[in-house]
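Keeping their order, the protein sequence lines are chains A and B.
Residues in the first sequence are numbered consecutively from 1, following my numbering.
Residues in the second sequence are numbered consecutively from 1001, following my numbering.
Hints in this document: simulated from the structure, not taken from any laboratory.
Virtual Cβ for every residue (Gly too), placed ideally from N, Cα, C.
Honestly, I wouldn't trust all of these hints.
[To be verified] In silico lysine to any residue, SDA-like type, Cα no more than 25 Å apart, as pairs:
{"no.": "1", "chain 1": "B", "residue 1": "1455", "chain 2": "A", "residue 2": "13"}
{"no.": "2", "chain 1": "A", "residue 1": "137", "chain 2": "B", "residue 2": "1346"}
{"no.": "3", "chain 1": "A", "residue 1": "17", "chain 2": "B", "residue 2": "1336"}
{"no.": "4", "chain 1": "B", "residue 1": "1305", "chain 2": "B", "residue 2": "1336"}
{"no.": "5", "chain 1": "B", "residue 1": "1455", "chain 2": "A", "residue 2": "137"}
{"no.": "6", "chain 1": "B", "residue 1": "1005", "chain 2": "A", "residue 2": "13"}
[Claimed, not checked] Simulated DEER-style distance windows between Cβ atoms:
{"no.": "7", "chain 1": "B", "residue 1": "1358", "chain 2": "A", "residue 2": "174", "range": "18 to 28 Å"}
{"no.": "8", "chain 1": "A", "residue 1": "97", "chain 2": "B", "residue 2": "1354", "range": "20 to 30 Å"}
{"no.": "9", "chain 1": "A", "residue 1": "31", "chain 2": "B", "residue 2": "1463", "range": "24 to 34 Å"}
{"no.": "10", "chain 1": "B", "residue 1": "1401", "chain 2": "A", "residue 2": "199", "range": "54 to 64 Å"}
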Amino acid sequence: MLDLIQVSKSYIEPNGKRLPILNIPRYHVGTGEQVVLMGRSGSGKTTLLHIIAGISQPDRGNVNVAGVNIAALPEAQRDRFRADHIGYVFQTFNLLPGFSALENVMLGMAFAGGAVDRSRAINLLERVGLGDRLTHKPSQLSVGEQQRVSVARALANRPRLLLADEPTANVDPSNQQHIVDLIRQTCEEERVALILVTHTPEVASQFARVDRLEEINQL
Amino acid sequence: MSLFKIAWRSIQQRALSSWLTALSMALGVALVVTVLVIMNTVEETFTRNAQGFDLIVGAKGGALQLVLNTVYHLSTPVENVPYDFYLQFKRGTSEQMIEAAGMLGGGAGYALLPRQPRGRFASAVDVAIPYCLGDSYQDFRVVGTEPSLFEIDYAPGQYYQFAEGRNFKTENFFEAVIGSRVARETGLKLGDKFNSTHGIGPEGHVHKDTSFEVVGILEPTGTPNDRAVFVNIEGFYLLDGHAFDPSIRETGNLTQPGLENELSSFVPQGGHASPQALPIDKREVTAILIRTDPHNPIAAISLNKYINKNPTAQAVAPTRIIFQLFENIVGNLRSLLLLLTCLIVVVAGIGIMVSIYNSMSDRRRDIAVMRALGARRSTVMTVILLESIGLSLGGGLAGFILGHAAIGVLSGLMVEYTGVYLGFFSFVRWEALLLPGLVVLSTLAGYLPAMSAYKTDVSRSLQANP
């Protein structure tokens, strides 16, 4: 499902010097596989997820998702590929405040190639336990509910790969396990590969495969 | 979910700011609509009213003043021309004219009209109507004229209708017909008698000895004649101070050779209950309203030049004079007003740009989220442009309605001061340009914030603290 080959990324510092962030010779995640990615703060986890999602471009290397090297695609095609094949759950949920829960889920569909499937959006929200919150705005939802909407939105376009960037970091402990269970269960049901970034050992311990960025990043 | 809905949600999200910017656009568009409709309707009405007659003949002097006096009942009266000059435009011989007027054997002064040959200009003329001006009743002009004025159409296919009563008769010297607005504002009714004032304005003296009886009230025509009082020209001549002293006439070359001798033999005689008509050599007219003969176009074209060779009389085409008025004077004022109001709309457009642009820092994360969900750069740019266009068109539509409502409210004042009828549903074709104009303006206004959205660094915006 995911193959990174000789991927490197660096940033230009204010003083003009190049600051290397990532240098990953090879990294692979299989179809439907669920992986936890851990690493210290500032090690480049979010940058790696952005590169896998096609939000950022690597300096060099191949980013193969479902057999397509998205690093070689023009930006517009990369955007469309992301909408069609990659789901993203943010640490801070990033729901659009002016839209209802249902509209936030449908918004993800609006940018993909297919038609907006309202019934699927409702079904997803029912599966995450928010069937009675369809018309609620994010400000009318609890933090845990917002993250569940975020999960439903990420799965709206039946992605092949779900990237979850510390999805439980802003959720109270009582909801953390529920969010993790929700993500894992829906990914299993939809045969979606999962890369979940977390700092929480309790979360990581539930996964069969735990990767440490320091080990795959050859800087 | 369409991009329109995404843009609409964004507008709703910033409701107060959106409402205020749309309001500023509404006010700007309302001003443009008001100026456009009022100025164009006034121009169209003036031009349409000027189309009733091909030529206005009067004394040498200000052409505009002559047209304003006769067609619009505005401005101060001009000098007069001799009555016999008016007769040069009449088609028949004096006998035929008398017969046409039904005066044979009537015994009134018309029976003593000179045996005049066919008028010199008659072959080029279809209709010639004399106007005698200089009197007023309350705030309205009094026009001494002939009943034939109301027997022809005042605009193509539109004829005078009497709401009450009838036309005045030639033989009844002191009958009058009043316009609809005169009736409404003075309270004059059928059978009422009134005394006109010599001169325009309150300083004139009232013709106390002679009064006119209202025998007809016109239906509204939407022309300046709604605010005029029409009296029998024969009665007008008999009012105190309206007879001209022939000894001081400087006729120049106005009359044709031999006519002077005929005129000098004119002696008014009685024999009828009506008063005696004023002798022709004591008569003058302020203006002659001419419709040229459509069957004799060559002569009609040369008529204007022919009359203007005369040292004391002039012929002007009212449509040309009004066109020049609007082109050279009113047109410039209109352009200036339009420019100012358009500037207000442009400022409103800049307001929309500033409002959206200022919101961009707050919305950068939302834009980044949309991009992360798969929206292209061009998509988020389109959303911002749609937002700008939506605010402009929403405000513009409100302004359109507001402007027409203002026109409806101002219609009473417009009628009072210009005689031009306006209402909520008065539209001008230039308003159709508002829609594409607003789309272009709002696209330009939205371009800067849209480009800002276009250039949003998704990765950096997502990693920034919310």
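Review point. Does residue 13(A) lie within 25 Å of residue 1455(B) when you go C-alpha to C-alpha?
Key: Holds: residue 1455(B) and residue 13(A) sit about 20 Å apart, inside 25 Å.
**Study point:** Status of the given 54 to 64 Å range, CB of residue 199(A) versus CB of residue 1401(B)
**Key:** Given range 54 to 64 Å: holds, Cβ gap about 58 Å.
Review point. Does residue 13(A) lie within 25 Å of residue 1005(B) when you go C-alpha to C-alpha?
Key: Violated, because 40 Å separates the two Cα atoms, which is more than 25 Å.
Review point. Going straight from one Cα to the other, do residue 1455(B) and residue 137(A) come out at no more than 25 Å?
Key: violated (28 Å)
Check your understanding: Is the hinted pair residue 137(A) and residue 1346(B) satisfied, with a Cα-Cα distance of at most 25 Å?
Key -> The given pair, whose Cα atoms are some 35 Å apart, is violated under the 25 Å limit.
Check your understanding: Within a Cα-Cα threshold of 25 Å, do residue 1305(B) and residue 1336(B) meet the stated pairing?
Key -> violated (36 Å)
Check your understanding: For the pair supplied as a hint, residue 17(A) and residue 1336(B), is the alpha-carbon distance within the 25 Å limit?
Key -> Between residue 17(A) and residue 1336(B) the Cα gap is close to 59 Å, so the pair fails against 25 Å, i.e. violated.
Check your understanding: Is the hinted range of 18 to 28 Å satisfied by the C-beta distance from residue 1358(B) to residue 174(A)?
Key -> Because 40 Å falls outside the window, the suggested range is violated.
Review point. Does the Cβ pair residue 31(A), residue 1463(B) satisfy 24 to 34 Å?
Key: holds (29 Å)
Review point. Would you say the C-beta atoms of residue 97(A) and residue 1354(B) sit inside 20 to 30 Å of each other?
Key: Given a distance of about 22 Å, which is inside 20 to 30 Å, the answer is holds.
The structure shown violates the earlier hints numbered 2, 3, 4, 5, 6, 7.
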